[in-house]
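Trainee: Could you build all of it, start to finish, from the sequences and the hints given here?
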Amino acid sequence: MLPEEHHASLPVPIFPRQTLVSLLVFAAGWEALAHLAPLLGIPPFAVPGFITIAKRLVAVTPFDVIVTLARVVGALIVSFVLGVLLAIAMYRSDALEQYLRPMIRILMAVPVVSWILFAVLWFPGVEFRIGFVLVAVCGPVFLIDALDAMRGVPRELRQMMRSFRPTPRQFFLKLMLPAIVPSLFTSWKVNISLAIRVVTIAELVGAVTGIGHQLSVAQELFSVADVFAWTMVLVVLLFLLEALVARVESRMLRWRG
Amino acid sequence: MSGPPPIAVRGLRKVFRQANSGQSVIAIDRLDLTIAPREVVSIVGQTGCGKSTFFDIMIGLDAPTEGSIRFGDKSPYADFDHFRGRIATVFQQDRLLPWRSALDNAKLPLELIGLPDAEQHERALAWLRRLGLGQFTSAFPHELSGGMRQRVAIARAFAMEPDILLADEAFGHLDEVTAVELRDTFLKLARERGSTAVLITHQLEEAIAVGDRVIVFGKPARVLADIRVAQWPAAQHGILREAIQATLQSNRPDPRLG
Ligand SMILES: Nc1ncnc2c1ncn2[C@@H]1O[C@H](COP(=O)(O)OP(=O)(O)O)[C@@H](O)[C@H]1O
Ligand SMILES: [Mg+2]
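Residue numbers (this note's numbering), protein chains in the order written: chain U, 1 to 257; chain R, 1001 to 1258.
Hint data in this document are derived by calculation from the structure and do not stem from the laboratory.
The C-beta atom is built at its ideal place from N, Cα and C for all residues, glycine as well.
Hints are supplied without guarantee of correctness; some may be wrong.
[Claimed, not checked] Distance windows between CB atoms, simulated:
#, chain 1, residue 1, chain 2, residue 2, range
1, R, Pro1233, U, Arg169, 53 to 59 Å
2, U, Phe63, R, Asp1117, 45 to 51 Å
3, R, Glu1176, U, Arg256, 28 to 34 Å
4, R, Val1180, U, Phe172, 49 to 55 Å
5, U, Leu177, R, Ser1250, 46 to 52 Å
6, R, Ser1250, U, Arg256, 47 to 53 Å
7, R, Val1180, U, Arg254, 31 to 37 Å
8, U, Val78, R, Arg1130, 47 to 53 Å
9, U, Arg169, R, Glu1205, 41 to 47 Å
10, R, Ser1024, U, Val73, 53 to 59 Å
11, R, Glu1205, U, Arg256, 54 to 60 Å
12, R, Val1177, U, Arg169, 38 to 44 Å
13, R, Ser1024, U, Ala89, 32 to 38 Å
14, U, Ile77, R, Arg1130, 31 to 37 Å
Mentor: Spelled out as structure tokens, the structure:
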């Protein structure tokens, strides 16, 4: 979707030299700035050194990380199931597709902040609000991707399959679903980075747990070190999830060679 | 165990309405044709004459605009499910499922008819071996050459042990040597098995090589000539070839074909 997502989905396990160099240069620059801050008239809390950040990193509470992770994974699974089921229904019924597609396009244009405000105004439960926002943002991505992928299954393969006279169920299980697996992996990768970024904003509002909540606490305390530490945790979490998906993908898509 | 049904085509017409221009295209025009059980027939016609349209109607994926096609007392379109496991197809491209190994591709139709797992495996394996692919059962399509992929497609068709085998330009995309070899294998297996086989091609040489009977299609599809190759002595095959060529070019039956 967005160009940045393609960068984020590059495999991470082995750091190429250029990556290491750019990270080190950034770190060195930051550290230098941290030491020079008083001379430049920057308040010391604004650019904390790595020692300070490391201390805050050690203080990261695993509970909040797990809560955020659980919210992301749970909401993605719900979005995936709903999105694919609805895509199948829309694939099978042209009428349903014609009615729903414009609605879905509209839903996809709604800003995340609006979803959060709606959620807060409509629903009392914090978990439900967060889940609602994530599913509203990620569900349509799964749906549209799955639907387009089903439409893109080559006519030649459908004709071959139909010539062997499958039941409608067999046609789906043996042709359509396996055919869209590659595109489903792409949707997962897009949605993981989307969900990680959205969940923190959703957690800013009303949640008393999770990384988003910790970020808002850090903001109230004017603790740049804490914001830095939690952000690092988020980025690492995102990379780990992406690496996990990439791994499953390369195992399941061996047939692509 | 009643064996393959006879195929009867009567007054078959297929008219397409083009989506953009709204114009009608006649793809098949009053086609009459009878194919006896176990006959091996080739159909030859120019590109665009309606062969693939006829193929789609034979496999039951499309309905005629007018006229009828019957396999025995059933219609491949209206009685679609009756023919599950009885009609096997081979297409111009191999049309294998890229995510399945050669073995799993050959198994596909057997899964659809719900054969027990062990039997699916055994049959698919046996047919892959007969087609010389014993070493490649676990290879994915992208790891095989074009000829090998088409062998898998042929194994897939025969593993069904079908009554009727239908092939649309099945060898046209392969190099000459591979095409001849595969076609001969295909015909040998079809005759051994006693299936009715219809091979559609735009290549004259291929049509004649198939043997028993050559049906020449005009444009739009209708029978211009129906030739029993055995009635032509080998010495006159040159004349036969010329006469079919002339028929295809003029879109009219050549007098030499009688
Ligand atoms: N689905 C379709 N809609 C409209 N016209 C079609 C369709 N399928 C085939 N035709 C037309 O019917 C004619 C015969 O096509 P086809 O059966 O593919 O020929 P062949 O297989 O002999 O090359 C062509 O003019 C083609 O454009
Ligand atoms: Mg064709």
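Trainee: All the hints need checking, so say for each whether the structure fits it.
Mentor: A quick look at each hint next to the structure:
no., hint, result
1, R:Pro1233 with U:Arg169: 53 to 59 Å, "55 Å, holds"
2, U:Phe63 with R:Asp1117: 45 to 51 Å, "47 Å, holds"
3, R:Glu1176 with U:Arg256: 28 to 34 Å, "31 Å, holds"
4, R:Val1180 with U:Phe172: 49 to 55 Å, "39 Å, violated"
5, U:Leu177 with R:Ser1250: 46 to 52 Å, "50 Å, holds"
6, R:Ser1250 with U:Arg256: 47 to 53 Å, "49 Å, holds"
7, R:Val1180 with U:Arg254: 31 to 37 Å, "34 Å, holds"
8, U:Val78 with R:Arg1130: 47 to 53 Å, "49 Å, holds"
9, U:Arg169 with R:Glu1205: 41 to 47 Å, "44 Å, holds"
10, R:Ser1024 with U:Val73: 53 to 59 Å, "56 Å, holds"
11, R:Glu1205 with U:Arg256: 54 to 60 Å, "37 Å, violated"
12, R:Val1177 with U:Arg169: 38 to 44 Å, "42 Å, holds"
13, R:Ser1024 with U:Ala89: 32 to 38 Å, "35 Å, holds"
14, U:Ile77 with R:Arg1130: 31 to 37 Å, "46 Å, violated"
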